[in-house]
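Student: So you can see what is in the structure, the chains are spelled out below.
2 protein chains.
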Amino acid sequence: MEKQTFDFAQLYEFAVSVFQSIDFKEEDARLAAEVLLAADLRGIDSHGIARLSGYVRLWEVGRLNPRPNIRVVHETPSTATIDGDAGVGLVVAPYAMRIAIEKAKQVGSGWVAVKNSNHFGIAGYHAMMALAHDMIGMAMTNASPIVAPTFSIERLLGTNPIALAVPAGEEPPFVADFATTTAANGKFEILEREGRQAPSGWLQDAEGKPTTDPQTRKQGGALLPLGSDYEHGSHKGYCLGAMVDILTAVLSGANYGPWVPPFVSYLPLPQNPVGEGIGHFMGAMRIDAFRPVEDFKKHMDHWIRRFRSSKAIDGKQVLIPGDPERENEAQRRRTGIPLMPQVIEDLEQLAERFALQSLL
Amino acid sequence: MEKQTFDFAQLYEFAVSVFQSIDFKEEDARLAAEVLLAADLRGIDSHGIARLSGYVRLWEVGRLNPRPNIRVVHETPSTATIDGDAGVGLVVAPYAMRIAIEKAKQVGSGWVAVKNSNHFGIAGYHAMMALAHDMIGMAMTNASPIVAPTFSIERLLGTNPIALAVPAGEEPPFVADFATTTAANGKFEILEREGRQAPSGWLQDAEGKPTTDPQTRKQGGALLPLGSDYEHGSHKGYCLGAMVDILTAVLSGANYGPWVPPFVSYLPLPQNPVGEGIGHFMGAMRIDAFRPVEDFKKHMDHWIRRFRSSKAIDGKQVLIPGDPERENEAQRRRTGIPLMPQVIEDLEQLAERFALQSLL
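These protein sequence lines are chains A and B, in that order.
First residue of the first sequence? That's 1 in full-length UniProt numbering, and the numbers climb one at a time after it.
First residue of the second sequence? That's 1 in full-length UniProt numbering, and the numbers climb one at a time after it.
No wet-lab data here; the hints were simulated from the structure.
As the structure is a prediction and not an experimental result, all values here were calculated from the model.
Every clue listed holds true.
Treat identical chains as interchangeable: a pair holds within one or across any two.
The calculated lysine-lysine pairs, modelled on BS3-like cross-linking and capped at a C-alpha distance of 27 Å, are:
#: 1; residue 1: K105; residue 2: K298
#: 2; residue 1: K209; residue 2: K316
#: 3; residue 1: K316; residue 2: K218
#: 4; residue 1: K187; residue 2: K209
#: 5; residue 1: K218; residue 2: K311
#: 6; residue 1: K209; residue 2: K311
#: 7; residue 1: K311; residue 2: K297
#: 8; residue 1: K297; residue 2: K105
Make a model of the complete structure from these sequences and hints.
Tutor: Next up, the structure:
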């Protein structure tokens with residue numbers, strides 16, 4: 001079936017209404033909708049409004065607190081630990097990032113570990129909050145365990161993304177935002193939907209053997225860390241996923257490794273939790289805490305131009321991290337956000353349930 | 001030819017003498033030798049005493065200042081920028097790390113960008129300086145451009161390593177230290193020496209086509225970012241290498257991209273430098289700036305044990321980052337450090353030149 005395209009404003013107001021229907025304060029509903037829709041605008045469809053009903057189901061089973069008392073539980077001038085009180089990451093993470101930015105204003109940098117949160121949408125949104133303050137922003141989160149460390153046949157890590165946003169002058173900012181696996185989970189959902197096999201190097205089966213069947217994920221298989229196999233550096237991808245797990249969860253007091261609560265409400269919570277909720281780690285560094293902003297921006301523009309104009313393989317173009325997402329956003333703000341029929345059906349069910357106006 | 005094994009203390013004193021012979025103060029010579037030999041102890045032979053003559057040649061051509069006036073040129077309570085005054089990274093980086101640690105003692109975390117430095121040995125040494133203070137340590141550096149960004153046929157990035165060291169309680173620390181490429185440069189040197197081909201996915205030729213010939217590196221070819229190709233996430237490896245380049249050099253005022261000065265003295269310095277020397281970026285975060293040290297260490301031990309005991313693929317074992325290097329160090333402190341004949345010959349030439357006692 002064909003995708004159907006919707007105006008950003010329509011989807012945004014719809015998401016706000018749904019969040020308000022599950023008892024969010026209006027301010028929080030607006031923020032959560034903005035973060036969620038940022039994914040759709042930037043072309044990361046797996047993390048956008050397609051997940052709205054997933055958040056509702058988490059609320060339904062009592063795993064998401066719509067009125068959290070988010071608070072700082074530990075701090076120094078440049079650091080803080082935050083208890084998200086089981087609130088949605090879409091709201092908890094921006095709260096944490098604002099604190100990181102405030103601390104950076106005071107002492108040059110701010111670093112915030114977050115426990116007791118839920119999924120926070122795209123990491124890039126939070127990292128980019130720093131840009132308007134002439135700061136470098138960083139955001140990471142742990143996630144449901146679906147990745148096997150190198151040589152393991154157990155799923156012990158999430159896709160554990162890392163985002164770094166760096167302001168430039170005349171050029172658009174540098175925004176890296178990537179899962180620490182060979183392929184993000186959303187790519188498997190697309191393959192499954194289209195009945196296609198995965199490239200080799202993305203997956204292993206329950207015995208740790210390479211496979212190309214996306215279904216394996218539901219039969220004890222696992223995603224592979226960036227690098228795919230040991231010969232191609234998968235131990236480095238494992239290091240990256242582990243670093244994210246430690247900074248987001250061991251440092252904050254959240255659940256880590258196989259104890260990270262799943263996003264999907266139909267999977268049971270792991271027994272004997274080792275912490276609270278899932279964890280994030282955010283950072284902000286003031287550019288002028290290192291060198292004058294104008295000097296930095298001049299050189300950052302130069303860096304970007306040099307890399308973007310680099311000689312490319314025939315028929316290809318060298319990109320700057322953030323280029324494809326920014327182009328998607330410009331396009332989708334003009335022409336709308338395309339949604340899959342399944343996603344539309346899902347949203348229509350939410351509309352019916354909460355007596356909201358249909359999207360169609 | 002067979003490798004020959006030398007006692008750590010003998011190689012250390014030899015390295016100290018060589019650094020003193022090129023006018024280092026005794027204190028700096030001892031520190032530089034300690035950092036250099038840490039690579040040999042930990043089994044990263046490409047970054048150890050095999051490079052000693054390379055540092056001497058940089059001094060010879062006036063690219064390494066043996067008596068640098070290393071100084072802070074910009075700072076806030078949690079950040080600093082350091083001018084290494086063309087000193088050796090083996091001395092400049094520990095200086096920077098000490099400042100990061102001091103700032104972390106004061107305000108919870110410390111972040112130091114370094115310009116005008118030279119190669120700093122293994123990143124892991126510097127990150128690990130934080131461990132004794134119950135801090136998480138981080139270190140990265142940019143390096144000679146030999147890596148092509150995804151879709152590029154130009155060498156614009158170094159192998160740009162990242163290290164993160166995390167203290168545990170009863171368990172040894174977690175120490176990740178890895179190049180952001182599929183394979184570190186040292187692995188190619190070994191292949192060349194042994195006349196072997198590289199695995200696919202490590203290299204491309206001057207037109208950007210995949211190749212397995214290590215010689216290609218000297219014929220316009222390039223190393224590939226972690227991930228190998230776009231389908232397997234090389235754009236993420238490119239993101240990582242770019243992040244390191246920006247934090248170490250655009251933020252500090254060092255050279256970046258293709259302007260990073262080569263380690264080897266026989267290659268000319270790039271024209272029209274965009275900064276000073278090469279750049280590092282170091283960080284230290286106090287554990288108790290986030291949660292009580294005892295809580296953290298208990299959970300870190302638990303994390304390490306859970307991962308290390310994870311079910312493995314038949315005949316394999318799941319490792320914790322830092323395990324192999326720590327085992328190497330224990331072994332080599334007992335039984336000595338094996339050196340290749342070429343390396344021994346190189347060291348013997350240094351002995352002759354500076355009228356030092358032969359190692360043999």
